[in-house]
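> Here the sequence shown stands for residues 1 to 81, where the numbers follow UniProt numbering.
Simulated from the structure, these hints should not be mistaken for lab results.
These numbers come from a predicted model, not from an experiment.
Watch out, some of these pointers could steer you wrong.
To be verified - Each pair of labels, with its calculated beta carbon distance range:
| hint | residue 1 | residue 2 | range |
| --- | --- | --- | --- |
| 1 | E3 | E42 | 31 to 39 Å |
| 2 | S8 | Q69 | 12 to 20 Å |
| 3 | V25 | N64 | 38 to 46 Å |
| 4 | Q75 | S8 | 22 to 30 Å |
| 5 | R23 | R58 | 15 to 23 Å |
| 6 | R23 | D67 | 33 to 41 Å |
| 7 | Q75 | V25 | 28 to 36 Å |
| 8 | Q35 | D67 | 18 to 26 Å |
| 9 | E63 | D30 | 43 to 51 Å |
| 10 | R21 | Q74 | 22 to 30 Å |
| 11 | D46 | R23 | 17 to 25 Å |
Virtual Cβ for every residue (Gly too), placed ideally from N, Cα, C.
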Amino acid sequence: MNEREILSQIRTLVDQEHDLRNRSVAGEIDSAEEQAKLKSLEESLDQCWDLLRQRRARQGAGENPDDAQARPTQQVEGYLQ
1 MNEREILSQI
11 RTLVDQEHDL
21 RNRSVAGEID
31 SAEEQAKLKS
41 LEESLDQCWD
51 LLRQRRARQG
61 AGENPDDAQA
71 RPTQQVEGYL
81 Q
């Protein structure tokens, strides 16, 4: 995925997150379902942001940004902020 595609995916996931929250407020889905879906969306977003940071770091270091690869969810979620 190139940077433009990653940013597009991030926007799509954020839109889905907002839609999910709106549906929850409207009572269209229950809290447990919302939490499960939110967790999945947040994990996907974290992976996208991580991939974007990898690409930018590689580019800044004079390396090929296309060599960056998405890391497993468990690894990305384990990072300290």
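> Now look at each hint and say whether the structure bears it out.
Cross-check of the supplied hints:
1. E3 with E42: 31 to 39 Å: 21 Å, violated
2. S8 with Q69: 12 to 20 Å: Because 18 Å falls inside the window, the suggested range holds.
3. V25 with N64: 38 to 46 Å: Given range 38 to 46 Å: holds, Cβ gap about 44 Å.
4. Q75 with S8: 22 to 30 Å: 23 Å, holds
5. R23 with R58: 15 to 23 Å: 38 Å, violated
6. R23 with D67: 33 to 41 Å: 39 Å, holds
7. Q75 with V25: 28 to 36 Å: 33 Å, holds
8. Q35 with D67: 18 to 26 Å: Hint violated: Cβ distance 36 Å, outside 18 to 26 Å.
9. E63 with D30: 43 to 51 Å: 46 Å, holds
10. R21 with Q74: 22 to 30 Å: Holds, at about 25 Å.
11. D46 with R23: 17 to 25 Å: 22 Å, holds
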